[in-house]
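**Student:** Each chain, written out:
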Amino acid sequence: MSATTEAAPAHVSTPQGLRERVWYPYILIAPSMIMLVVVSLVPFIYAIYLSFHQAKFGRVRDFIWFDNYATLLSDERFWNSIGVAATFVFIAVPIEFMLGLIGALVLNQNVRGRSVLVPLLFMPTMMAPIVVGLLWKIMLAGSWGFFSYNVLERFNILTDTSVFASPDLALYALIFVDIWQWTPFMMLAFFAGLQALPLGPYRAAAVDGANPVQIFFHITLPMMTPLLAVIGLLRFIDAFKVFDTIYILTNGGPGTSTETPSILANKMTFEFWNIGEASALAVLVWIAFFAFCTIFYQVAKKRLNAF
Amino acid sequence: MAEAVNRPEGSRGLFWTTIVIVYAAIMLFPIFWMATMMVKPNDAMFARPTQWLFVPTLDHFTYVFEQGFHWSLLTSFVLCTVSTALVVVIGTPAAYAFARFEMKAKDDLFLFILGSRMAPPVCLVIPFYLIYAKVGLLDTFLGLTLAYMTFNLSFYVWVLRSFCRDLPVELEEAAALEGWSKVQIFRRVVFPLLRNGIVATSVLCFIFAWNEFLFAFMLGGDNVHTLPVSIPKLITSQGVRWGEMAVVGMTALVPVLIVVFILQRHIVRGLTLGAVKG
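Those sequence lines, one after another, are chains L and E.
Note that our numbering has the first sequence beginning at 38, numbered continuously upward.
Note that our numbering has the second sequence beginning at 39, numbered continuously upward.
Same shape as in the complex, but just chain L (with noise of 0.2 Å):
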């Protein structure tokens, strides 16, 4: 892996002899921004429409201004989805990103075969989770799981139950699935980045005879600084919106101990048909996702020079 995170020109390098035409890119990127807005846009138009109407069961009633947002955040359900999501992204992502860079630092040494175990240690990742979900649910079943007889049950963790029929255990073993999951995505982006690591100061280094502990704290840590940074916002961002393991583990049971925001608006939709307060939901998730984005960017594009 030879990656470069050097600074691309700021400006934009148009060909000579294109220019004068002002109306040429707008006609190549027609076609994808019509479809952006078409499955994008009005899809989230329409969720704010509908959040300000009473809908249920697939009907639209009357125009009721805030008052689905009113009921929402009055809910005990909706604060303790938004409790659980923190909880899970707060634990994970950090655990996340030192093992990552942990590992990313060990790949980094004189590691052989690097092209075929770089590409296993991949699998994790982007495997489906929705088969992530299911790996998981079969090595940590009740009393036979491999995980569960072999390891919860030995040290006398859990007996005779799957971890995730337990309201304490649920949330800390997703956590466990992501954190598996995940881990392979921040090593290997941060491996890429180490290996884009100019050897001047690294060469100056050894003419000091800095040690390794000098050479990581005053030089590979400040220079990866802005990478790390946009890889863990990445991160960050993509743990909120989990659904799918956690759908098929626990679908935000036991009870409501692992049920995420994006859970309880998918149950208010398709199970109680309380069609108005979950796009309430999901417009302040979305909102919310949108304020996350921006600063994501901004960040990837004025430290990282990304973009």
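These aren't lab readings, by the way, just hints derived from the structure by calculation.
A hint or two may mislead.
What the hints assert, rightly or not - As a list, the in silico DSSO-like pairs of lysine-lysine whose alpha-carbon atoms are at most 27 Å apart: (1) E:LYS172 / L:LYS338; (2) E:LYS142 / L:LYS339; (3) L:LYS278 / L:LYS304; (4) L:LYS304 / E:LYS172; (5) E:LYS271 / L:LYS304; (6) E:LYS271 / L:LYS278; (7) E:LYS220 / E:LYS142; (8) E:LYS172 / L:LYS93; (9) L:LYS278 / L:LYS339; (10) E:LYS220 / L:LYS339; (11) L:LYS338 / E:LYS271.
Unchecked claim - Quick list of the computed label-pair ranges, beta carbon to beta carbon: (12) E:HIS108 / L:GLY150: 29 to 39 Å; (13) L:ARG151 / E:HIS108: 33 to 43 Å; (14) L:ILE85 / E:VAL120: 22 to 32 Å.
C-beta: ideal position from N, C-alpha, C; glycine also.
Fit chain E to the supplied structure of chain L, relying on the hints for placement.
**Tutor:** Relative to chain L, chain E alone:
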């Protein structure tokens, strides 16, 4: 590269290699375990203590084929191919335009694309479901193909733009001086140089569509029934069909396994939306 300065000796290289191999083996063990469950009879599966040796059976395969598993496989394949092809056709010019030309409100347009990519699918699926119910697109190929555009078209334009920016602009300038038309320049200069980027990005799009669950589950149905959707369907009121789920799950893994080996350098770039160039 940084490692050259560390000057690790041969034996230390062996040490680190061993650590990575052991780590990979532990991490990938669940996949191996699921693979064995494809041919594991039920009594061996539920045995306590864990039973390592068993007489293989093809019962699980028989059952999934009786349930029309091959149709799900075909559906998934066709759906992912068609939606990826559409993404390539309409997304490639857009990526090129974003990389090369000045436009009004370009930053806002670009942020809109990123926003489409980042939006939580569960938020989209609610309005999609209601709109589709009205216009009759539920459980149709067209419906799911369109729904997949939200995350794949935006992803494709975003990532391919970073590939476009790596191309030297001088070649296009030379072609313009030669008096080539815009279409000729795109077809004969840009496209050939961009081919690797297009392949890498579109293969990732294919995998995202292949792995997609929520849209397929909510907007699909008996007609359009993809592979991931058939997994939770095997959790029935008569019990969970573990072996059958393992068969479907492992089948879903095959393209992913091929792709990680072919695309290894480009996966990091794709998954970080071009922020890290692999």
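**Student:** Please go over all the hints and tell whether each is borne out by the structure.
**Tutor:** Verification of the supplied hints:
1. E:LYS172 / L:LYS338: 41 Å, violated
2. E:LYS142 / L:LYS339: 20 Å, holds
3. L:LYS278 / L:LYS304: It holds: about 15 Å lies between the C-alpha atoms, which stays within 27 Å.
4. L:LYS304 / E:LYS172: Roughly 21 Å between the alpha carbons, so the hint for LYS304 (chain L) and LYS172 (chain E) holds.
5. E:LYS271 / L:LYS304: 18 Å, holds
6. E:LYS271 / L:LYS278: 23 Å, holds
7. E:LYS220 / E:LYS142: 21 Å, holds
8. E:LYS172 / L:LYS93: Since the Cα atoms of LYS172 (chain E) and LYS93 (chain L) sit roughly 15 Å apart, the hinted pair holds (cutoff 27 Å).
9. L:LYS278 / L:LYS339: With a Cα-Cα distance of about 26 Å, the restraint between LYS278 (chain L) and LYS339 (chain L) holds, given a limit of 27 Å.
10. E:LYS220 / L:LYS339: 32 Å, violated
11. L:LYS338 / E:LYS271: With a Cα-Cα distance of about 43 Å, the restraint between LYS338 (chain L) and LYS271 (chain E) is violated, given a limit of 27 Å.
12. E:HIS108 / L:GLY150: 29 to 39 Å: 36 Å, holds
13. L:ARG151 / E:HIS108: 33 to 43 Å: Since ARG151 (chain L) and HIS108 (chain E) have Cβ atoms about 37 Å apart, the given range 33 to 43 Å holds.
14. L:ILE85 / E:VAL120: 22 to 32 Å: Given about 31 Å between the Cβ atoms, the range holds.
The earlier numbered hints that this structure contradicts are 1, 10, 11.
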